[in-house]
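Novice: If you're matching them up, the sequences are chains A and B in order.
Numbering-wise, this note's numbering comes out as the position in the first sequence, counting from 1, plus 303.
Numbering-wise, this note's numbering comes out as the position in the second sequence, counting from 1, plus 179.
Just so you know, these hints were derived from the structure itself, not from any lab.
Some hints could be false.
Far from chain B, some chain A residues (derived; all Cβ distances over 12 Å) [what the hints assert, rightly or not]:
1. Gln-324
2. Gln-347
3. Asn-365
4. Met-367
5. Phe-379
6. Lys-404
7. Phe-409
8. Trp-440
9. Gln-529
10. Pro-544
11. Gly-558
12. Glu-575
13. Cys-600
14. Ser-605
Computed spacing ranges between beta-carbons, pair by pair [as the list claims (entries may be wrong)]:
15. Asn-400/A - Ser-383/B: 25 to 31 Å
16. His-405/B - Ile-370/A: 35 to 41 Å
17. Ser-404/B - Gln-641/A: 52 to 58 Å
18. Asp-325/A - Ala-456/B: 30 to 36 Å
19. Thr-374/B - Pro-495/A: 46 to 52 Å
20. Lys-482/B - Met-395/A: 47 to 53 Å
Ideal Cβ placement from N, Cα and C applies to all residues, glycine included.
Chain residues, written in single-letter form:
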Amino acid sequence: MTRIIKYTEAINEALHEAMAQDESVLLFGLGVDDPKRIFATTAQLVERFGSERVFDMPTAENAMTGIGIGASLLGFRPVMVHQRLDFFLLAMDQLVNNAAKWYFMFGGQKSVPITIRLVTGRGWGQGPTHSQNLHAWFAHIPGLKVVMPAFPADAKGMLLSAIFDDNPVIVIEHRWVHALEGEVVNGDWRIPLGKGRVVTSGDALTIVALSYMTIEALHAVEQLKQDGIYCELIDLRSIQPLDWELIFTSVKKTGRLLALDIAATSFSVASELVARCAIELFADLKCPPRKLALPDCPVPTSFGLTKGFYITAVDIVETVGAMLNCPVPGAERLRAAQTTPHDVPGEWFKGPF
Amino acid sequence: MRQHVVQQWQGNIDLALLHQMKRIRQIELAIATRYSEGKMRCPTHLSVGQEGVAAAAGTALTFNDLAISTHRGHAHYLAKGGDSSRMIAEIYGKEGGCSRGFGGSMHLLDLEIGFMGSTAIVGNSIPVGVGLALAIKHQQLSKVSCIFLGDGAVEEGAFYEAANFAALKRLPVLFICENNLYSVYSPLSVRQPETRKIHQLAASIGMTSASYDGNDVKACFEGISHHLDSIREGIGPCFLEFSTYRWLEHCGPHYDNHIGYRSEDEFLRWQALEPIARFERQLLKNSMITPPEIALIDSLVTKEVSAAFTFAEESAFPRPEICSAYIYK
Ligand SMILES: Cc1ncc(C[n+]2csc(CCOP(=O)(O)OP(=O)(O)O)c2C)c(N)n1
Ligand SMILES: [Mg+2]
């Protein structure tokens, strides 16, 4: 049985499923039981599972992460949530020095099965400290798993896998996919961590996307198709572990790689994709791989300054055209169809958060 | 050169305090009224209801003193003497903004009057404020570093670490903690032990501390002035806790008593204690102010509000090309 539900509902469903199934699952974070319920993702949980298992917390990100780690050592599976990734930066010590290494530094005796949900902001002036994309930092730390689902089904399936994984897993949700609807399987339905997905297949070029970039890429791929260009779009879904086999198979077939990212370009996941493909598949490449990501610049606040800051479907279409050395009228069509202001994902988003 | 509000009123503290509060209230309400036009496109935390504390602090501090603040920083910026036109332009994301459109509502700065910045991560301007005090002490200046913070911020490790250092080194720091009972929608009861007061916690860290009714602007002013004198005499850091109440939603322009985290009753109780009308009544009753003086303050405020929004509307958006201009000096 499947149903069409929103991304936020898919997250909510995964939490209900996990908490119903296993009493050791705890949920805490600023606002998990408040009227807004973390963009509705934690709806009805405190009512159903009680305030011993679902609770608000002091504004103390670092210590609360450590407290989650401690509880996990005695068999709990804490899920923590932060309404912006940026707030979680206070917890880098507990995450990096403890969670990521506990299993390793005590010789494989105790692992830390915690899940940390982080929401990435964008638009409406979220600015320098409310819209940072630092997934590459987390992926750089051995011992952490990092997933960035773009679609409701993946959000549910991967969050469930994350909660029942015996390692620390960071789940990054982009604010702009929160309202996205899609088909989701009922009940305990899991997607293994570390697996990417071919969203559309094609042989002209491989586009590897993650999180919200997958949505922009989908628009681009559809336009390109109308112009007779068939791209293979891969949604990474998980960046640590990363599904290299899926990427290599596709790039071998197409000979061309365009890596997309929602973070600053340098030292990004896109950089790693380009590097590994260049090293492993040098002979298969028909043109230099390329990456499209954000400027190496903090995110400004002003509506004026964010114009052109983010990568859109138009940029993707034009880059594909440049890599294939062919005209892409789709870019113009996309430009003409752009009606919402550049700093909101759609009419549903009215700010301020 | 800008004139400190006390000079503006020839040393009449009462008029200065009333003017400060009304100015903050009207600017904040104008933002709330116009927010739905969609031109102020950034998360915006208003201080309606909390004007008393900011006004008292801004009036007691000199332009020579420094201040640093939080996500809810408009009132602090304005009370310190910050330029309202440049603040509104900043919220509009315009190049005439006090941070040139790079920061928005949560990143205000006005160096000319010693407002050293406000930041959006809870607790994270506290150590910076202590650092300002360290520099002040090294330079043997008589300035004070004033750190505005909320009741939620004392839960962050950075608060303990910075307060401990300030106490250790007896730094000239004035902590102004506005306890408005909430962090977003979370009441104090789910965040801090019920019987322990924030100002007691501060005292046990080794700071001089006291608490005040934050809606009694005159008492706040006198308390702050007294502690500023002690700090200037070298007593070390002082931590003052003020009880107050935010009228509007945590972030944004609306009233939100209906959504369930607090009651309409509680709101009405606090609204009845509100700092501005209460002070105005008191001054009138004691013949400390005349109706024409009130009218003068009101008209100054109206003019300032309208000038600020005109400035913001007329200022241009910064060009996207300059985005990378300020990554490194
Ligand atoms: C480290 C961090 N955690 C969480 C947030 C989200 N947040 C923004 S304002 C706020 C409330 C802080 O409460 P308080 O210090 O009492 O200030 P108030 O909003 O009441 O003025 C929170 C939790 C944040 N900005 N930074
Ligand atoms: Mg508060």
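Novice: With reference to the structure, classify each hint as holding or not holding.
Specialist: Hint-by-hint comparison with the structure:
With 12 Å as the threshold on Cβ separation, the claim that Gln-324/A sits away from chain B holds: the shortest Cβ distance comes to roughly 27 Å. Consistency note on Gln-347/A: stated as away from chain B, and its beta-carbon is indeed over 12 Å from all of that chain's, at 14 Å minimum. Some Cβ of chain B comes within 12 Å of the Cβ of Asn-365/A; the nearest lies about 6 Å off, and the non-interface call is violated. Distance check on Met-367/A: its Cβ comes as close as 10 Å (rounded) to a Cβ of chain B, failing to clear the 12 Å threshold; non-interface status is violated.
No beta-carbon of chain B is positioned within 12 Å of the beta-carbon of Phe-379/A; the least distance is around 20 Å. For Lys-404/A, the requirement that its beta carbon stay farther than 12 Å from each beta carbon of chain B is met, with the minimum near 21 Å. Separation of Phe-409/A from chain B is adequate, the least Cβ-Cβ distance of about 25 Å exceeding the 12 Å criterion. Residue placement check: Trp-440/A keeps its beta carbon more than 12 Å from all beta carbons of chain B (closest about 16 Å).
The beta carbon of Gln-529/A sits about 30 Å from the closest Cβ of chain B, which is more than 12 Å, so the claim that it is off the interface holds. The non-interface label for Pro-544/A is consistent with chain B: the shortest C-beta to C-beta separation is roughly 31 Å, beyond 12 Å. Against chain B, the non-interface label of Gly-558/A holds: every CB pair exceeds 12 Å, the least being about 34 Å. Separation of Glu-575/A from chain B is adequate, the least Cβ-Cβ distance of about 23 Å exceeding the 12 Å criterion.
Not every CB of chain B lies more than 12 Å from the CB of Cys-600/A, the least distance being 5 Å, so the non-interface label is violated. For Ser-605/A, the requirement that its beta carbon stay farther than 12 Å from each beta carbon of chain B is not met, with the minimum near 3 Å. With their beta carbons about 29 Å apart, Asn-400/A and Ser-383/B fall inside the hinted range of 25 to 31 Å. The given range of 35 to 41 Å is respected by His-405/B and Ile-370/A, whose C-beta atoms sit roughly 40 Å from each other.
Checked against the hint of 52 to 58 Å, the C-beta distance between Ser-404/B and Gln-641/A comes to roughly 56 Å, which is consistent with it. Distance hint check: the CB atoms of Asp-325/A and Ala-456/B are about 55 Å apart, inconsistent with the given range 30 to 36 Å. In this structure the hint that Thr-374/B and Pro-495/A lie 46 to 52 Å apart at CB holds, the actual value being about 49 Å. At about 48 Å, the CB distance of Lys-482/B to Met-395/A agrees with the hint of 47 to 53 Å.
Comparing the model with each earlier hint shows violations of hints 3, 4, 13, 14 and 18; every other hint is respected.
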